[in-house]
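Trainee: Each chain, written out:
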Amino acid sequence: MKEQGAPILSPPYGVPSPFEKYVVRKARAATATQTAASTLTPLRDLHGIITPNGLHYERHHGGVPAIDPDQHRLMVHGLVERPLIFTMNDIARFPSESRIYFLECSGNGAWSGLKENATAQDTHGLVSCCEWTGVRLSTVLAEVGVKPQARWILAEGADAAAMSRSLPIAKALDDTLVVYAQNGERLRPEQGYPLRLLVPGYEGNISVKWLRRVKLGEEPFQTREETSKYTDLVPDGSARQFTFVMEAKSVITSPSGGQQLRDKGYYEISGLAWSGRGRVTRVDISTDGGESWSPSHLQEPILPKCLTRFRLPWNWDGAPAQLQSRALDESGYVQPTHKQLADVRGLQSYYHYNGIQAWQIAQDGAVTNVV
Amino acid sequence: MWSDRQVLIAGMAAAFLINATANAAHAQSLGSGHTATPAEIAGWDIDVRADGQGLPPGHGSVREGEKVYVENCAACHGDKGEGKPADRLVGGFGTLASAHPVRTVGSYWPYAATLFDFIRRAMPFTAPQSLSADQIYAVSAYVLYLNKIVPEDTVLDATSLPKVAMPNRNGFTSPDPRPDVP
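From first to last, the protein sequence lines stand for chains A and B.
Under the numbering used here, the residues of the first sequence are numbered 1 to 371, in order.
Under the numbering used here, the residues of the second sequence are numbered 372 to 553, in order.
Hints may be right or wrong, so weigh each one.
As the list claims (entries may be wrong) - Cβ pair distances, simulated, as ranges:
1) B/Q500 x A/N89: 25 to 35 Å
2) B/E523 x A/K115: 17 to 27 Å
3) A/N89 x B/N541: 27 to 37 Å
4) A/A92 x B/A468: 28 to 38 Å
5) A/Q149 x B/K534: 19 to 29 Å
6) A/A110 x B/Q500: 29 to 39 Å
7) A/F19 x B/P427: 13 to 23 Å
8) A/A92 x B/S469: 49 to 59 Å
9) B/H471 x A/P18: 26 to 36 Å
10) A/V344 x B/A457: 30 to 40 Å
11) A/V24 x B/H471: 16 to 26 Å
12) A/G184 x B/H471: 21 to 31 Å
13) B/E442 x A/P69: 31 to 41 Å
In short, the hints are calculated from the structure, not lab data.
Every value quoted in this text rests on a predicted model; they were computed, and no experiment measured them.
For each residue, glycine too, the CB sits at the ideal point set by N, CA and C.
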């Protein structure tokens with residue numbers, strides 16, 4: 001450049017280069033309303049393990065409320081010694097901690113129906129990963145004094161859906177956080193500003209956003225979101241309830257659906273793996289449609305309940321190839337195939353699909369979703 | 372004047388005292404927050420449990436519920452709960468084990484009290500938390516009537532609503548059986 005560039009503070013809050021304008025979220029599907037809907041993270045265009053705040057996937061049931069943090073309150077009551085109301089200032093004064101966790105909607109992925117032109121955003125875009133800062137829910141619960149007969153909590157949001165879910169007390173007292181910041185700044189409105197629950201490794205819906213109330217009780221509250229929705233129908237017509245954990249899963253983001261390999265030769269296969277049960281221990285890659293597998297290199301840090309970046313050098317010989325990835329976690333779990341899952345759960349569970357994803361590379365280098 | 376070393380030692384001692392105090396306080400209480408009064412709790416405590424705990428006074432009939440439904444629900448859930456654009460509310464009996472399961476209040480929901488809880492907190496979609504308790508009892512009765520779960524002369528209240536026998540009451544299993552794939 002032989003002239004001065006743009007001055008400082010243009011703008012005061014920096015935004016991506018205009019050349020990156022296509023790296024955006026997109027609606028998951030056409031829905032009856034734009035407030036009970038979801039958007040997908042553009043996984044193919046992201047690097048490392050952190051999702052930028054403006055690209056974190058969204059799932060709302062009654063739109064994004066505009067909440068003044070000075071007006072916001074969290075009430076904790078029910079089976080407690082001292083029911084309390086906390087301001088945001090009260091919350092900020094608690095001992096804090098920062099943890100990097102993935103968050104994934106249990107509807108991420110599809111048991112059937114995705115087309116050949118699906119991208120990684122379409123197939124896996126309901127997962128994101130941020131550094132979350134807040135206070136342990138156990139610290140807040142110590143403040144109110146949990147009565148011994150309390151077995152479950154109800155978490156409720158301040159949105160128009162008053163989103164509500166029941167969570168077992170053991171998880172509430174374990175690693176569950178009440179968070180007010182993500183990736184170094186206060187939560188984005190669509191992520192629950194000013195306060196949300198963050199339940200590591202569990203289906204995203206239970207990390208209730210715009211958290212205004214926590215109630216302790218003896219049993220689950222059986223809200224609509226844990227009976228009518230977020231339950232998994234199996235072939236005998238019964239439905240599994242309280243299937244919280246997001247099981248191990250992975251997706252190759254490069255090369256992936258919609259991309260085009262231009263020449264034969266060296267490529268780096270790269271992608272993301274995660275498990276709600278802990279750390280990813282291995283990710284195997286196949287370039288021949290699952291016939292043979294090679295372990296990939298896992299990029300540190302490898303954190304529990306966090307996205308892990310994997311990579312494998314690859315020489316494309318110009319022939320058709322099918323790429324797959326298979327995640328293993330520290331519980332010994334091996335990511336299953338679509339067939340293994342469907343044999344047990346059928347195709348009507350809707351939630352918790354974590355089958356192996358396959359991308360087909362054609363002779364001309366076009367990459368498509370294997371249906 | 373203190374030496375650097377003296378200042379350091381004094382600082383370490385002070386830090387130890389602060390830490391000890393913080394840890395001791397943490398084990399008990401940080402003194403954060405203010406007491407939620409019974410009136411404040413009553414104003415926020417909108418949930419209704421499956422067994423009916425939390426249901427308010429009031430009552431509503433199928434007939435009254437039809438009026439509430441037509442005015443507040445039919446535009447999204449259809450004239451008789453057939454759905455579109457929003458969820459179907461009626462029918463689907465006997466489909467849950469088929470290749471095309473239809474999950475409705477009648478065929479799928481295990482607890483009638485959940486109807487009251489959900490309608491009160493989240494419906495009507497464009498004006499949540501606007502219906503009276505009587506209206507919610509009434510429209511719950513109407514939706515159950517459309518599903519042929521209660522007769523036309525039904526009046527529901529805090530005692531009778533949780534006792535409504537839902538067809539899929541025993542259709543749910545927990546705990547989580549996963550990992551379930553060999």
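Trainee: With respect to the beta-carbon atoms only, verify the hint that A/Q149 and B/K534 lie 19 to 29 Å apart.
Mentor: Between A/Q149 and B/K534, where Cβ atoms are some 24 Å apart, the hint holds.
Trainee: Is it true that A/A92 and B/A468 lie within 28 to 38 Å of each other by Cβ?
Mentor: Between A/A92 and B/A468, where Cβ atoms are some 51 Å apart, the hint is violated.
Trainee: Measuring from beta carbon to beta carbon, are B/H471 and A/P18 in 26 to 36 Å?
Mentor: violated, 47 Å
Trainee: Within 27 to 37 Å: is that where the Cβ-Cβ distance between A/N89 and B/N541 falls?
Mentor: For A/N89 and B/N541 the Cβ distance comes to about 48 Å; the hint is violated.
Trainee: Does the Cβ-Cβ separation between B/Q500 and A/N89 fall within 25 to 35 Å?
Mentor: holds, 27 Å
Trainee: If you check the beta carbons of A/F19 and B/P427, does the distance land in 13 to 23 Å?
Mentor: Taking Cβ atoms as reference, A/F19 and B/P427 lie about 57 Å apart, which means the hint is violated.
Trainee: A/A110 and B/Q500, beta-carbon distance inside 29 to 39 Å?
Mentor: Holds: the Cβ-Cβ distance is about 34 Å, inside 29 to 39 Å.
Trainee: Look at the Cβ atoms of B/E442 and A/P69 and judge whether their distance stays inside 31 to 41 Å.
Mentor: holds, 36 Å
Trainee: Range first: 30 to 40 Å. Now tell me if the beta carbons of A/V344 and B/A457 are that far apart.
Mentor: The hinted range 30 to 40 Å holds for A/V344 and B/A457, with Cβ atoms some 32 Å apart.
Trainee: Can the suggested window of 16 to 26 Å be confirmed for the beta-carbon pair A/V24 and B/H471?
Mentor: violated, 35 Å
Trainee: Given the hint of 17 to 27 Å, check if B/E523 and A/K115 actually sit that far apart at their C-beta atoms.
Mentor: violated, 47 Å
Trainee: CB of A/G184 to CB of B/H471, is that within 21 to 31 Å?
Mentor: violated, 47 Å
Hint violations for this structure: numbers 2, 3, 4, 7, 9, 11, 12, all remaining hints satisfied.
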